[in-house]
Every structure is written in C-alpha cells, then in structure tokens.
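> Listed here are the chains, written in short residue letters.
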Amino acid sequence: MLKPKFLILLTLSVLVLTVGIASAQDVTSIRFGTINDPAVERVNQLLVENFKSLHPDIEVNVEYIPGADLVSTYTTQAAAGTLPDVIWLADLFVVPFAQSNIVFDMEPLAEADANFDLSDIYDNLLGLSRVNGEGLYMVPSSYDVVTMYYNKSMFEAAGAPLPTAEWTWADYTAACKTILEATGNYCFANGGGLPTFEWWAWVVPFVSGHGGSLLAEDGTTVTVNSPESLAGFQAYVDMWTTDGIAQPLDFDAGGNCFLVGKCATAFFIPGLMSALRALEPQPFEWDVQVVPSHPQGKFTGMGTYGYAVSANAQSPELAWEFVKHLASADAQRAIAANYAGTPLLRSLREDPAIVDLAAPPENITAFIENGENGILPTYFPGECGSLYAGQISQEIKDALEAAILGVSSVEDAFNAANENIQACLNESAG
Amino acid sequence: MTDLALSRTPPKRNPHFWRDTLRGYLFILPVVLGLIIWTFGPMLASAYYSLTDYKIVGEPVFVGFKNYVELFTRDRLFGQSLSVTVRYAIMYMVIGQVVSLMIALLLTQRVRGLGIFRTFFYLPIIVPYVASAVLWRYLLNKDFGPINAVLQGLGLPAINWLGSPESALFSMVIMSVWTGAVTTIIYVAGLQHVPDELYDAAKIDGASGVQRFFSVTIPMLSPTIFFNVVTGFIGSFQFFVPAFVMTDGGPVKSTYFYNLNLYEKAFKWLEMGYASAMAWVLFIIILVLTLFIFRSSPLWVYYDGEAQS
Numbered sequence: 021m022l023k024p025k026f027l028i029l030l031t032l033s034v035l036v037l038t039v040g041i042a043s044a045q046d047v048t049s050i051r052f053g054t055i056n057d058p059a060v061e062r063v064n065q066l067l068v069e070n071f072k073s074l075h076p077d078i079e080v081n082v083e084y085i086p087g088a089d090l091v092s093t094y095t096t097q098a099a100a101g102t103l104p105d106v107i108w109l110a111d112l113f114v115v116p117f118a119q120s121n122i123v124f125d126m127e128p129l130a131e132a133d134a135n136f137d138l139s140d141i142y143d144n145l146l147g148l149s150r151v152n153g154e155g156l157y158m159v160p161s162s163y164d165v166v167t168m169y170y171n172k173s174m175f176e177a178a179g180a181p182l183p184t185a186e187w188t189w190a191d192y193t194a195a196c197k198t199i200l201e202a203t204g205n206y207c208f209a210n211g212g213g214l215p216t217f218e219w220w221a222w223v224v225p226f227v228s229g230h231g232g233s234l235l236a237e238d239g240t241t242v243t244v245n246s247p248e249s250l251a252g253f254q255a256y257v258d259m260w261t262t263d264g265i266a267q268p269l270d271f272d273a274g275g276n277c278f279l280v281g282k283c284a285t286a287f288f289i290p291g292l293m294s295a296l297r298a299l300e301p302q303p304f305e306w307d308v309q310v311v312p313s314h315p316q317g318k319f320t321g322m323g324t325y326g327y328a329v330s331a332n333a334q335s336p337e338l339a340w341e342f343v344k345h346l347a348s349a350d351a352q353r354a355i356a357a358n359y360a361g362t363p364l365l366r367s368l369r370e371d372p373a374i375v376d377l378a379a380p381p382e383n384i385t386a387f388i389e390n391g392e393n394g395i396l397p398t399y400f401p402g403e404c405g406s407l408y409a410g411q412i413s414q415e416i417k418d419a420l421e422a423a424i425l426g427v428s429s430v431e432d433a434f435n436a437a438n439e440n441i442q443a444c445l446n447e448s449a450g
Numbered sequence: 011m012t013d014l015a016l017s018r019t020p021p022k023r024n025p026h027f028w029r030d031t032l033r034g035y036l037f038i039l040p041v042v043l044g045l046i047i048w049t050f051g052p053m054l055a056s057a058y059y060s061l062t063d064y065k066i067v068g069e070p071v072f073v074g075f076k077n078y079v080e081l082f083t084r085d086r087l088f089g090q091s092l093s094v095t096v097r098y099a100i101m102y103m104v105i106g107q108v109v110s111l112m113i114a115l116l117l118t119q120r121v122r123g124l125g126i127f128r129t130f131f132y133l134p135i136i137v138p139y140v141a142s143a144v145l146w147r148y149l150l151n152k153d154f155g156p157i158n159a160v161l162q163g164l165g166l167p168a169i170n171w172l173g174s175p176e177s178a179l180f181s182m183v184i185m186s187v188w189t190g191a192v193t194t195i196i197y198v199a200g201l202q203h204v205p206d207e208l209y210d211a212a213k214i215d216g217a218s219g220v221q222r223f224f225s226v227t228i229p230m231l232s233p234t235i236f237f238n239v240v241t242g243f244i245g246s247f248q249f250f251v252p253a254f255v256m257t258d259g260g261p262v263k264s265t266y267f268y269n270l271n272l273y274e275k276a277f278k279w280l281e282m283g284y285a286s287a288m289a290w291v292l293f294i295i296i297l298v299l300t301l302f303i304f305r306s307s308p309l310w311v312y313y314d315g316e317a318q319s
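Residue numbers (the working numbering), protein chains in the order written: chain H, 21 to 450; chain Z, 11 to 319.
Heads up, a few of these hints could be off.
Heads up, incomplete: computed chain Z residues facing chain H, CB under 10 Å, no partners named [to be verified]: (1) G68; (2) S142; (3) L145; (4) R147; (5) G173; (6) D210; (7) K213; (8) V220; (9) Q221; (10) R222; (11) F223; (12) F277; (13) Y313; (14) D314.
Cross-link-like lysine to aspartate or glutamate pairs, in silico, DMTMM-like; alpha carbons within 25 Å at most [what the hints assert, rightly or not]: (15) Z:K278 x Z:D153; (16) Z:K152 x H:D258; (17) H:K417 x H:E389; (18) Z:K278 x H:D371.
I should point out that these hints are in silico values taken from the structure, not numbers from a laboratory. Values in this document were obtained by computation on a predicted structure and should not be read as measured data. Cβ atoms here follow ideal geometry from the backbone N, Cα and C, with glycine treated the same way.
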C-alpha cells in the first residue's frame with residue numbers, strides 16, 4: 021500500500037517532468053557544422069549574426085569540424101541521421117555529398133523564395149553547386165575563378181614584361197624563362213599550401229584550351245588520350261620538363277612558393293588576396309591578371325566553398341533562411357571588403373564598394389573579367405570517382421606525375437589512364 | 011617432519027572461493043568487455059562488410075567475394091602497394107635489426123656516461139610519430155636539408171632523398187631505423203642476460219671476439235631476435251604515418267604503402283567494404299608470415315635449458 025504522501029510526490033514529479041519536456045520542445049535551435057579554419061570564420065560569423073537578428077529566439081549551435089575529418093564526420097553523421105541542420109562544404113564535395121544524401125536539394129526552396137534570385141548568380145559558378153547541371157546542393161560563397169597573381173617586383177627586377185589581359189601561354193613562358201635566368205626563381209607555384217600539380221582547375225583548362233576533353237559528348241567514352249587532350253597535357257607537363265618554369269614537385273619553398281617570394285606567379289582563387297594583404301610589411305608588390313590564352317582561347321578552373329541545408333535538417337525552411345544570406349548583397353559586400361572573395365552576383369559587378377576597394381590588387385576587376393573563362397569539372401557517371409577523388413583522379417594524377425618526373429611519356433601515361441578509366445566506366449555501367 | 015605432515019594434509023577448499031572468483035571476474039570485466047565490444051565486434055563487422063558494397067551512408071549491399079576478386083584481379087594499386095610494403099619490410103628487417111643490435115652492443119659496453127648514451131638513443135621513442143616524420147622531411151630535404159649539407163661538405167653529391175622514386179623508400183627505412191629504439195632497448199635487455207661465464211669459458215678456449223659474438227652472443231640472443239623479428243615484421247606491414255606525412259605515397263607511388271592504400275580507399279574514396287577486404291587480406295598475410303616465423307624458430311632459436319629437456 022503506497023503512502024498518500026509518496027503518491028502526491030510522485031504525481032508532482034511526473035507533472036514537473038512533463039512540463040519540463042514540453043517547454044524544451046518549444047525551444048528551437050539550429051545546428052551549424054563548419055570547418056575550423058580562420059579563412060572562413062568571418063563568413064561563419066556573418067551568417068550566424070544575420071540569422072540571430074532574424075530569429076533572436078532561436079539558438080545557433082556551431083559545431084567545428086577539423087578540415088581533414090570533414091568527410092568522415094559528415095558521412096558517419098549522415099549514416100546515424102545526426103547531421104547538423106546547416107553544413108559547410110566545398111565544390112569538391114557537392115557531387116559525392118548529393119549522391120550520398122548528405123545535402124538537401126535547395127533548388128525548390130530557392131525558387132519558392134521571393135527574396136532570393138538564383139538567376140543573379142553567375143551560371144558557371146552555380147554549376148559547381150549542381151550535379152551534372154541539376155539541383156542546388158550548395159550556396160557558393162564567392163565568384164571563385166582561378167586567376168593569375170603575379171609578383172610585380174620580381175617581374176620588374178628580372179626585366180620581364182608585366183602580364184596583360186592579351187597574354188598567351190607562350191608570352192607567359194617567355195617571361196618566366198627570363199625570370200628563371202635572371203633570378204633563379206620559378207614561375208608556376210604549386211604545393212606548399214597551394215593545390216598540388218594535379219588540381220583539375222589547372223590541368224583541365226590546358227586540355228580544353230587545346231581543343232581536348234576528358235570525356236566525349238556521349239558521356240561514356242573517355243578521351244584523355246585523344247590528340248587534342250594529349251596536346252593539352254603535354255603543354256601543361258612542359259612547364260616542368262621542357263621549360264623548367266614550374267616549381268618542381270620536390271622543391272620545398274618553406275611554405276607557399278608565391279607568398280614566400282620564390283615563385284613569380286600563383287594561379288588561385290580570390291581568397292589568396294587576404295593572405296597576401298596580411299603580410300606585414302608587404303614583402304613585394306603584386307597584382308592580378310586574367311589567365312593567358314591557349315590556342316583555343318582562355319580557359320580556367322573554379323573552386324569555392326559554400327553552405328548547404330543538410331538532409332537531416334529538422335526544418336529545411338529555417339536552415340535555408342540561414343544559408344541563403346550568403347548570397348545576399350550585404351554578405352557579398354562584406355566578403356569582398358575582407359578580400360576573402362569576389363561577389364557572385366551579377367548585380368554587384370560594377371558595385372563601387374567592390375571595384376573601388378583599396379589596392380593591392382590594383383586590377384581587382386580581373387577576378388570578375390576572368391569569370392567568363394571559368395569552366396566546370398567534367399562530370400563522370402558511375403562509381404569511378406571524379407576529378408577530386410576516387411579512381412579517376414588517381415589515374416590522372418598518376419599519369420601526370422609519371423610524365424612530369426620523366427618516368428613515362430605523356431602519351432604512354434595517358435594511354436594507360438584512358439584504358440583504366442574506360443574499363444572502370446564500362447564495368448560501372450554494367 | 012612438520013613440513014611433510016603439512017604437505018600430506020588435503021587442501022581445504024577456500025570458503026570464499028565463489029566470492030573471490032566473482033571479484034576476479036569483475037576486475038577483468040572492463041577489459042573483457044572492451045575487447046569484445048571494441049576489438050572483436052569491429053573485427054567481425056569488418057569481416058561482414060568485406061563481403062559487401064558499403065559506403066557508410068546507406069545500407070551495405072551483399073556482394074559475396076567480389077571485393078576480394080577485384081583486389082587480386084583488377085586493382086593495380088593493390089599489387090603495387092603490397093610490393094612497396096614487402097620491399098620496405100625486407101629492407102627494414104635486415105638493416106633495422108643489424109643496426110639496432112650494433113647499437114645495443116655499444117650500449118652494453120662498460121664506458122663512462124653509459125646512461126646518457128642510452129637516454130640519447132631512447133629519445134626518438136618519446137617524439138610523436140608525426141613530429142618525427144615532419145623532422146625527417148626537413149632533414150632529408152633536397153635543397154636545404156642538413157643531411158645533404160653534410161654530404162656536400164664532404165664533397166659528395168646531394169641526394170634527392172624523398173623526391174626520387176629510387177631513393178624515397180630507402181629514406182623511409184632510414185627514418186624507421188632511427189625511430190626503432192624499442193628494438194635496441196630489447197636487445198640491450200637480452201644482451202644483459204647472456205651469462206658472463208659463457209664468455210669466460212669461450213675466452214679460455216681461445217675464441218676471438220668475433221667467434222664469441224657468433225657462437226655465444228647470437229645463440230643466446232636468438233629468443234630476443236625472434237621476438238624482434240616477429241614484432242618488426244608485423245610493424246612493417248602496418249607502416250603508415252611517415253608515408254602519409256612525408257610523401258603521401260609518392261613520388262610515382264614509390265612509397266605507396268599497403269596501409270596508405272587502405273586508408274585512401276576507406277576515408278577518401280569511402281569504399282568501406284573494399285577497404286575491409288583489404289584489411290582482412292593484410293591480416294591473413296601477417297598471420298601466415300608470423301606462423302611461418304614461429305614454425306621456423308626451432309631451426310634458429312635457442313632457449314636456455316632446452317638441451318637438458
């Protein structure tokens with residue numbers, strides 16, 4: 021027989037507990053997963069501050085993830101159904117994350133949102149956020165097209181002409197040879213904080229620039245060993261082998277070869293501006309220029325980071341509100357003012373707040389002008405990977421490395437790569 | 011008399027037998043549970059996953075032995091990474107054991123400051139593996155590395171230690187020998203247990219220093235060598251961190267170790283089923299190799315006192 025006092029206590033406890041649970045359910049919070057990187061911290065803050073101003077009653081819990089653990093963290097969270105509502109990602113993750121159902125297709129939300137104009141974002145950049153041209157799996161942060169940074173002081177000291185918008189790669193090579201002879205410094209920086217030699221955003225434009233492609237129009241035939249593609253790969257490899265103007269693969273500059281003043285140029289996205297401007301005092305004069313022309317015209321790669329609504333978002337609409345601010349004029353102006361990127365909105369192309377930013381770089385509009393030269397990474401069907409990961413990137417990297425180190429000719433290396441990739445695609449297609 | 015009487019008394023059953031037994035099991039329970047949950051559980055799970063197409067996200071799809079067949083028939087990197095690992099293991103076992111034994115011999119000499127020397131040789135152990143790898147990447151740098159500076163100071167040409175496919179693997183061996191102080195310490199302990207009277211007897215018989223080394227030291231040290239060879243081979247096949255940090259498998263896959271390949275398949279390509287199959291193949295290779303070394307031990311390992319038995 022239970023005592024009445026105990027029964028009263030039990031009833032009260034159950035009531036308190038029930039009320040507690042009910043009030044906890046009323047508190048809405050949003051989880052935001054991002055990398056632990058100072059380069060994106062300002063953008064993270066912008067998004068969080070904006071969201072808090074719109075929803076002061078909603079808590080934003082930021083979860084920092086080490087960059088190296090990003091893929092394993094997101095995939096295990098996705099497997100457990102515990103992904104944060106909003107996640108940071110980069111272009112290289114868009115296709116695998118979309119295919120693994122880690123990110124949510126935001127296109128319906130974007131189209132239904134009267135305050136969001138998808139058509140104002142440059143088309144080619146938006147391609148980085150889509151899977152084979154479909155969906156919207158990332159809101160990009162900046163018009164991140166690979167553009168040429170050059171060490172003005174080094175060019176002038178060597179007596180080499182300064183890059184112009186009309187330059188061809190032959191002009192670039194000639195100037196670089198002058199610099200190499202006069203100063204002993206290399207031209208084409210790679211590795212040491214920059215991407216390594218196999219970055220698609222450097223290599224594929226050479227292939228396109230010589231009329232080649234990695235995949236035929238049928239989308240299933242590999243063409244990395246077509247005469248045009250081989251010509252492109254050869255021109256790229258020549259920077260190491262014939263001309264000796266690229267930073268050798270085993271040359272340790274003690275950091276980013278361009279930043280430490282041992283390489284005359286760096287081909288990179290606008291974000292490098294902030295790192296360069298942070299050097300105090302400025303060790304050399306520098307500026308930017310659009311990429312040189314290949315025989316078939318100007319081509320360059322792109323690569324950016326952004327944010328997405330995750331597949332586990334409790335409220336995709338709320339998460340979308342958080343993410344979409346990135347593509348607002350205010351956020352884009354703030355990113356540009358920090359020299360962390362170039363506005364991705366067409367409507368800001370001539371915006372004085374951006375084009376009149378203090379030098380360096382003097383020629384800041386080169387980033388936008390260069391934008392139209394930006395191409396997308398080739399999309400490969402099946403399960404053979406992409407230009408970022410898996411067997412396809414492995415085969416191209418191995419072939420390039422063998423050719424650059426003189427272990428194999430470009431033709432032999434890419435014939436083997438072609439055969440291996442094709443075999444994988446055929447098997448994948450069943 | 012009393013002792014004899016005591017020894018004939020039948021042993022009394024411990025009145026607290028069950029309580030003590032239960033306590034014993036409770037004490038080892040955390041370790042046993044840990045082994046079951048965190049070691050055997052994942053091992054069994056990986057055995058199952060090795061028979062599936064599993065990419066973490068989504069359900070594993072059973073594919074039978076497809077992953078194993080693919081490994082042995084289609085994956086060129088499997089053979090290449092296995093070849094690199096085997097070549098490294100052989101080089102490391104030969105050079106590493108010889109160098110460690112030589113250093114151990116020096117560290118057992120009666121010289122002043124022996125403790126300082128022993129500390130000096132043990133130091134690499136307390137340096138984290140990643141830090142060691144970064145340090146050696148600097149030491150072996152082609153352009154400004156101290157090792158090449160010394161070589162050039164002696165009038166010798168600089169070597170592209172990590173940048174050349176011919177020398178990169180050997181550079182890994184050099185680094186591993188430096189970090190292999192545990193092997194040296196075990197040899198030092200083994201050498202200290204060789205009885206002095208055996209050396210004295212050999213001296214009286216007129217044995218030279220070299221003869222004493224091969225006829226006394228090596229046989230008496232053979233159980234220690236056996237231990238170091240077994241653990242060394244297992245460690246060689248699990249080599250990963252320096253290759254990951256120093257060369258990322260390059261140049262031209264010359265340092266693309268088996269475990270680096272496995273890591274990339276699992277965490278870069280997210281092919282967990284395939285990587286599990288690779289892990290099991292590695293496990294079987296190590297198991298067979300270890301069994302072979304054990305089986306061969308009666309031919310070359312001498313245990314003190316076995317002649318009498």
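> For every hint, state whether the structure bears it out.
Against the structure, the hints:
1. Interface restraint check for G68 of chain Z: the shortest CB-CB distance to chain H comes to about 7 Å, inside 10 Å, so the restraint holds.
2. Taking 10 Å as the C-beta contact cut-off toward chain H, the hint placing S142 of chain Z at the interface is violated, the least distance being around 17 Å.
3. Interface hint at L145 of chain Z: violated, since its Cβ lies 14 Å from the closest Cβ of chain H, which is beyond the 10 Å cut-off.
4. Taking 10 Å as the C-beta cut-off, the interface hint given for R147 of chain Z holds, the closest approach to chain H being about 8 Å.
5. Hint status for G173 of chain Z: holds, given a least beta-carbon distance of 3 Å to chain H, under 10 Å.
6. Given the 10 Å rule on beta carbons, the hint for D210 of chain Z is violated: about 55 Å separates it from the nearest Cβ of chain H.
7. For K213 of chain Z, the interface hint is violated, since its Cβ never comes within 10 Å of a Cβ in chain H; the closest pair sits about 53 Å apart.
8. Because the closest C-beta pair between V220 of chain Z and chain H is about 43 Å apart, greater than 10 Å, the hint is violated.
9. With a cut of 10 Å, the hint placing Q221 of chain Z at the interface with chain H is violated, because the nearest CB-to-CB distance is about 47 Å.
10. A hinted interface residue such as R222 of chain Z counts as satisfied when its beta carbon comes closer than 10 Å to some beta carbon of chain H; here the least separation is about 47 Å, so the hint is violated.
11. Nearest Cβ of chain H to the Cβ of F223 of chain Z: about 42 Å, over the 10 Å cut. The hint is violated.
12. A least Cβ separation of about 6 Å between F277 of chain Z and chain H falls short of the 10 Å threshold, and the interface hint therefore holds.
13. The interface hint given for Y313 of chain Z is violated, since its Cβ lies 47 Å from the closest Cβ of chain H, which is over the 10 Å cut-off.
14. This hint is violated: D314 of chain Z has a C-beta 50 Å from the nearest C-beta of chain H, more than the 10 Å allowed.
15. About 31 Å separates the Cα atoms of K278 of chain Z and D153 of chain Z, which puts this hinted pair outside 25 Å; it is violated.
16. For the hint pairing K152 of chain Z with D258 of chain H, the CA-to-CA distance comes to about 22 Å; that is within 25 Å, so the pair holds.
17. A hinted pair counts as satisfied when its Cα atoms are at most 25 Å apart, and K417 of chain H with E389 of chain H does not qualify at roughly 30 Å.
18. Between the alpha carbons of K278 of chain Z and D371 of chain H the distance comes to roughly 41 Å, so the proposed pair goes past 25 Å and is violated.
Going down the numbered hints, you'll see the structure goes against 2, 3, 6, 7, 8, 9, 10, 11, 13, 14, 15, 17 and 18, while the others check out.
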